[in-house]
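J.: Sequences listed follow chains A and B, in order. For what it's worth, UniProt numbering labels the leading residue of the first sequence as 1, then goes sequentially. For what it's worth, UniProt numbering labels the leading residue of the second sequence as 1, then goes sequentially.
Rather than coming from a laboratory, the hints here were simulated on the basis of the structure. Check each hint, because a few of them may be wrong.
Said to hold, decoys possible - DSSO-like mimics (lysine-lysine), calculated; alpha carbons at most 30 Å apart, straight line:
| no. | chain 1 | residue 1 | chain 2 | residue 2 |
| --- | --- | --- | --- | --- |
| 1 | A | K129 | B | K184 |
| 2 | B | K184 | B | K130 |
| 3 | A | K129 | B | K130 |
| 4 | A | K129 | B | K16 |
| 5 | B | K80 | A | K129 |
| 6 | A | K129 | B | K121 |
| 7 | B | K80 | B | K16 |
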Amino acid sequence: MDRLERLGDLLFNVEIIVDTLPVLFTEGLLITLIISVGGMLIGLVAGTVLAMIGVSQRWWVRLPSRIFVDLFRGLPAILVIFLVGFGLPAAGFRPFGREVIAYATLALGIIATAYVTEILRAGIQSVDKGQMEAARSLGMSRLEALWLVVVPQGFRRVLPPLTNEFIALTKDSSLVFILGLTLGERDLFRIGQQTATQTGNMSGLIAAGLFYLAITIPLTRIVNYMDTRMREGRPVAAKELPTTAEVS
Amino acid sequence: MNATDTADAVPRVALKGLSKTFGHFDVLTGIDLEIRAGEVVCVIGPSGSGKSTMLRCVNLLEVPTSGSVEIDGIDITGRKVDINTVRSRVGMVFQQFNLFPHMTALRNVTLALRRVRGMSKEDAGEVARKSLAQVGLADKAGSRPAQLSGGQQQRVAIARALAMDPEVMLFDEVTSALDPELIKGVLRVMTDLAEAGMTMMVVTHEMGFAREVADRVIFMDAGAIVEAGSPSEMFDHPRTERLQNYLAEVL
Numbered sequence: 001m002d003r004l005e006r007l008g009d010l011l012f013n014v015e016i017i018v019d020t021l022p023v024l025f026t027e028g029l030l031i032t033l034i035i036s037v038g039g040m041l042i043g044l045v046a047g048t049v050l051a052m053i054g055v056s057q058r059w060w061v062r063l064p065s066r067i068f069v070d071l072f073r074g075l076p077a078i079l080v081i082f083l084v085g086f087g088l089p090a091a092g093f094r095p096f097g098r099e100v101i102a103y104a105t106l107a108l109g110i111i112a113t114a115y116v117t118e119i120l121r122a123g124i125q126s127v128d129k130g131q132m133e134a135a136r137s138l139g140m141s142r143l144e145a146l147w148l149v150v151v152p153q154g155f156r157r158v159l160p161p162l163t164n165e166f167i168a169l170t171k172d173s174s175l176v177f178i179l180g181l182t183l184g185e186r187d188l189f190r191i192g193q194q195t196a197t198q199t200g201n202m203s204g205l206i207a208a209g210l211f212y213l214a215i216t217i218p219l220t221r222i223v224n225y226m227d228t229r230m231r232e233g234r235p236v237a238a239k240e241l242p243t244t245a246e247v248s
Numbered sequence: 001m002n003a004t005d006t007a008d009a010v011p012r013v014a015l016k017g018l019s020k021t022f023g024h025f026d027v028l029t030g031i032d033l034e035i036r037a038g039e040v041v042c043v044i045g046p047s048g049s050g051k052s053t054m055l056r057c058v059n060l061l062e063v064p065t066s067g068s069v070e071i072d073g074i075d076i077t078g079r080k081v082d083i084n085t086v087r088s089r090v091g092m093v094f095q096q097f098n099l100f101p102h103m104t105a106l107r108n109v110t111l112a113l114r115r116v117r118g119m120s121k122e123d124a125g126e127v128a129r130k131s132l133a134q135v136g137l138a139d140k141a142g143s144r145p146a147q148l149s150g151g152q153q154q155r156v157a158i159a160r161a162l163a164m165d166p167e168v169m170l171f172d173e174v175t176s177a178l179d180p181e182l183i184k185g186v187l188r189v190m191t192d193l194a195e196a197g198m199t200m201m202v203v204t205h206e207m208g209f210a211r212e213v214a215d216r217v218i219f220m221d222a223g224a225i226v227e228a229g230s231p232s233e234m235f236d237h238p239r240t241e242r243l244q245n246y247l248a249e250v251l
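Working from the sequences, and respecting the hints, build out all of it.
T.: Take a look at the structure:
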């Protein structure tokens, strides 16, 4: 009984949790969101470009996209974060000066780009080829047709996996602690971890975990909702979906 | 336009020795065909006979293995030719409509007007509304494809091609995916177009339409043109056994 109580206190010490919440909210949440949302934005922009390159009919155009994806999907996130955060500045590339958060965001952006590229490429390729043909038959260039007709449809179809990628990225953002975040640039995990070492109690980490869950659980719900809706159609279903081109 | 004058000089569409091979399979084996401006040519024949492939060669959705495709006397298979410009002058309507599902009917029509023709939003909108009215769907400009019936979707697709003011319209089995009750409206629009003097190549299984609207009917089998003639020659007095057998099966 005594041990159970100790365990309860070790994880759920209300005092420590309440004490940690304000700094988690004002500092940690902001930094975590900057890194993961910023990384995702980089991923969406660069991933769209790489995905369009990745569906080219010429192998040597596809090649750089392929290599990028294989590299950064195949490497552990922590290795990429370390390489970008320490490697770049050490090699003399300091585009962001000493702003650790910027390097962290770039690192996550690179990782996100690899995954988004692969997700979007699948989305683009799932669009009926009649769409490309119709656009080309009207005189649009392949690139125009991709950008205006195919990509928007493909994008919609892969919104659930893209959201999943954002969830994964938010969790991976905790790995940037290895860059040695100082006061004012600590993310949720770093604050939780520091509180844990200072107090000798895990409750700070639990408090940080609550913040991650507050982000990830609603997003998971949204993914599930989108999935169901895409399988079963809109709540007020359009009755006529007579062609394969229409199935979304 | 002096359609009849120019028609004598240069055919609107000329296929010369057109061949297409997929792997080891010869889909087209040397097609020669000339279509005058304003002529309506219906192409019939069993599935797999190469009808659609021939049609798709006219705007180079399929690239011929050999032979040439000329539009108004210009070989569009040539290296110097800007294929996008050529395609913008050749309208195509597909079996599966291929409307852009994420855009309204109006935007389906204005997209290429703005992107390819470089029209302003207002001008493109005006042209698009006119073509939608032409296919009887002026009131559906704001609808998404999913909100339209198959027949309406196909008419929007016709309006989309028509808005580009094409030299020739290609119809690739455009009623084959439609429920029977929706076919009539689409054929009506096509008949109107034919009467308005549009040059049309129509791959179809609608023998009634071919008989009534076509100036000339082409019968294809195994990648070649087997027989060609006026509708009455073709349907009432077929000369070849293959056409006789085909008609016996479909009529």
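J.: Give a verdict on every hint.
T.: Hints and how they fare:
As the CA atoms of K129 (chain A) and K184 (chain B) are separated by approximately 27 Å, the hinted pair is consistent with the 30 Å bound. Restraint check: the Cα-Cα separation between K184 (chain B) and K130 (chain B) comes to about 21 Å, which is no more than 30 Å; the hinted pair holds. Using a Cα cut-off of 30 Å, the hinted pair K129 (chain A) and K130 (chain B) holds, with the two alpha carbons roughly 29 Å apart. The suggested pairing of K129 (chain A) with K16 (chain B) holds, with an alpha-carbon distance near 28 Å, which does not exceed 30 Å.
Of the pairs offered as hints, the one joining K80 (chain B) and K129 (chain A) holds, with about 27 Å between alpha carbons and a cut-off of 30 Å not exceeded. The hinted pair formed by K129 (chain A) and K121 (chain B) meets the criterion: a straight-line CA distance of about 28 Å does not exceed 30 Å. With a CA separation close to 19 Å, the supplied pair K80 (chain B) and K16 (chain B) stays within the 30 Å bound.
In this structure, none of the earlier numbered hints is contradicted; all agree with it.
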